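Okay, here's what each chain looks like letter by letter:
Protein chains: 2
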Amino acid sequence: MNKQYALAIHGGAGTILREMLTPTLEKQYKDALTLALQKGQEVLKRGGTAVEAVAAAVVVTEDSPLFNAGRGAVFSYEGKHELEASIMCGKTLEAGAVANVRTVKNPVLLSKKILENPDFVYLSGDGADKYAALNGLELVDQKYFYTEERYLQWQEVRDTNRAFLDHNVHIKNAEAKAGDYKFGTAGAVALDQYGNIAAATSTGGLTNKKYGRLGDSSVIGSGTYANNNSCAVSCTGYGEFFLRSVVAYDIAALIEYKGLSLKEAANRVVKDKLVKMGGEGGIIAIDAQGNIELCFNSEGMYRGYVRSADGKPNVFIYE
Amino acid sequence: MNKQYALAIHGGAGTILREMLTPTLEKQYKDALTLALQKGQEVLKRGGTAVEAVAAAVVVTEDSPLFNAGRGAVFSYEGKHELEASIMCGKTLEAGAVANVRTVKNPVLLSKKILENPDFVYLSGDGADKYAALNGLELVDQKYFYTEERYLQWQEVRDTNRAFLDHNVHIKNAEAKAGDYKFGTAGAVALDQYGNIAAATSTGGLTNKKYGRLGDSSVIGSGTYANNNSCAVSCTGYGEFFLRSVVAYDIAALIEYKGLSLKEAANRVVKDKLVKMGGEGGIIAIDAQGNIELCFNSEGMYRGYVRSADGKPNVFIYE
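So the protein sequences, as listed, match chains A and B.
My numbering puts the first residue of the first sequence at 70, with every later residue one more than the last.
My numbering puts the first residue of the second sequence at 70, with every later residue one more than the last.
Next up, chain A with everything else stripped away, as it sits in the complex (with noise of 0.2 Å):
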């Protein structure tokens, strides 16, 4: 052990300006964030490791109904709440992610049990859900999931989709409103104390989706990725973008391959080719030698990092 330790979570990067959050609301973002941070800390000063501080982060974050992961979770065109998550270890390169589950109070935790089963990286739909109650995952009924707020911005979005079909020009100006619950995702990323890294992803995806819609957060490369030879990372953004950019194994190949820093190499991924595409978001990311990168090229990320160097949780959410 080299007794080294570091830890960074995000809640969703985008347009958050700071007159949209009261002192109230911005308080109980960094207060959660900060939870977040602790939660994920504790695991990695006893000895955990990185697989097991990011899922309890994550777990955070899923439990809080301010973020767009778990109970949080916005709704979809068909007014359900459908979940993504994954997971990766560093070390060994197990992975576990679900897609379009129901009924799973802690995504997260479902895809740490499917990285804990060799047979099994990606499980989707009501299977995903069936796994999760043979393996005594905690669940719940899809009412968990309903916030009164999620519910609003639901109607608004889901009035003008309506539209959406007929004028296109209505659904522009109200994807510009939604946009800061567009790219809600919550995520985590950690060095443990044996060297060893790993990342975590949780969404409810996109507000009023439609066709079982499936972002990035729940796929291998795109939305996370951790190999302790490059970096973990795990994303939150307009996942259309994140899938076709591969971004979290972009970032991974720029170090392996290119030799760029793991500073170099975010921002090259997420201020350079993700703008040029019209990509908004932004990554978290760590390495083995225990750097952070937090990078975003929107207004706004919830974030925050820890390192056993002080101890002491850092959170943050504008530039």
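Worth flagging that the hints you see were computed from the coordinates, not collected in a lab.
These numbers were taken from a predicted model, which means no experiment stands behind them.
The reader is advised that the hints may include incorrect statements.
For identical chains, the list gives no copy identity; a pair is met inside one copy or between any two copies.
To be verified - Calculated pairs, BS3-like style, for lysine-lysine (alpha carbon to alpha carbon, straight line, at most 25 Å):
1) Lys99 to Lys174
2) Lys96 to Lys160
3) Lys342 to Lys160
4) Lys340 to Lys160
5) Lys345 to Lys327
6) Lys72 to Lys381
7) Lys332 to Lys381
8) Lys72 to Lys340
9) Lys199 to Lys174
10) Lys345 to Lys160
11) Lys96 to Lys342
12) Lys212 to Lys149
13) Lys160 to Lys327
14) Lys72 to Lys332
15) Lys160 to Lys114
16) Lys327 to Lys342
17) Lys199 to Lys160
18) Lys199 to Lys279
19) Lys149 to Lys327
20) Lys279 to Lys174
21) Lys340 to Lys327
On the provided structure of chain A, position chain B as indicated by the hints.
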């Protein structure tokens, strides 16, 4: 237009031994591969795009009962057929993917329809079937996917898989026996006369798959990737390993970031990295210069290619 075009296809990799195929069956496979090449070639010859060509080639394999894609899709544990597919354009990096569709005759055409819609990249489950219906794609009953051979394969594995729950040993033997059809998948990569490349992949997944299990065939970056700057890749193999290795994008990254040739990059990933993990399978790849690689670490891979230079289809099965 540079007038040069090229196309490569695969119909799955695995334990394909000469003694397993009768001369009649071998001829059927070779005829089907040749037809797929010809259909893709027709598109390229008349100035169609690489995206159109890979779709046309994969449709032939989907319509044939010989390949584990479309018509010949294997049975899931519940006796259903759940199909996955994806497609990507190397010029625009536009992509389309579908997971767990059940009523779409040609999942690759649904992927192409999604690629053409900037709002989506990845659709899944009933919602994806619904999107197919709304977009006028040909729908079929699940019975369409019934083939006696696949049914018998399922029955064999199904029985031992029941035993799997109690006796781990049995299923291991059954899996070895089922090796041939385990990695069935079809795919194509193409270079068109405009100098653009594309890739597409389609599969029925694993025989007896459970819990909404997904492999790499619907995952952009793992099963399918295309970028004019590096290469276009379609994979077939043990999906879990291909997901964890982000195989398709890894080959592209080795070319773009490390300066490897297409051959070097394909060999590094398929014959070195995947072998070390235990990931059996293969890939086909093409670059914008018209180089083609058909690379696998299993006993055989149904495969072929055609180039504008002589216009003659070449098909192979064994090493």
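Outcome of the hint check:
1. Lys99 to Lys174: Result: close within a single copy only, 23 Å intra versus 50 Å inter.
2. Lys96 to Lys160: neither (36 Å within a copy, 46 Å between copies)
3. Lys342 to Lys160: between (28 Å within a copy, 15 Å between copies)
4. Lys340 to Lys160: between (28 Å within a copy, 21 Å between copies)
5. Lys345 to Lys327: Both: 21 Å inside a copy, 23 Å across copies.
6. Lys72 to Lys381: within (16 Å within a copy, 63 Å between copies)
7. Lys332 to Lys381: Answer is within: at 22 Å inside a copy they meet the 25 Å cutoff, but 49 Å across does not.
8. Lys72 to Lys340: neither (33 Å within a copy, 37 Å between copies)
9. Lys199 to Lys174: Within one copy only: 13 Å inside a chain, 27 Å across chains, cut-off 25 Å.
10. Lys345 to Lys160: between (33 Å within a copy, 14 Å between copies)
11. Lys96 to Lys342: So Lys96 and Lys342 fail the 25 Å test inside a copy (33 Å) and across (47 Å) alike.
12. Lys212 to Lys149: This pair counts as within: shortest intra-copy Cα distance 9 Å, inter-copy 30 Å.
13. Lys160 to Lys327: The answer is both: 21 Å in one copy and 23 Å across copies each meet 25 Å.
14. Lys72 to Lys332: Within one copy only: 24 Å inside a chain, 43 Å across chains, cut-off 25 Å.
15. Lys160 to Lys114: within (19 Å within a copy, 48 Å between copies)
16. Lys327 to Lys342: both (16 Å within a copy, 18 Å between copies)
17. Lys199 to Lys160: neither (29 Å within a copy, 40 Å between copies)
18. Lys199 to Lys279: So Lys199 and Lys279 pass the 25 Å test inside a copy (23 Å) and across (10 Å) alike.
19. Lys149 to Lys327: neither (43 Å within a copy, 45 Å between copies)
20. Lys279 to Lys174: So Lys279 and Lys174 pass the 25 Å test inside a copy (22 Å) and across (21 Å) alike.
21. Lys340 to Lys327: both (18 Å within a copy, 22 Å between copies)
Violated hints for the displayed structure, listed by number in ascending order: 2, 8, 11, 17 and 19.
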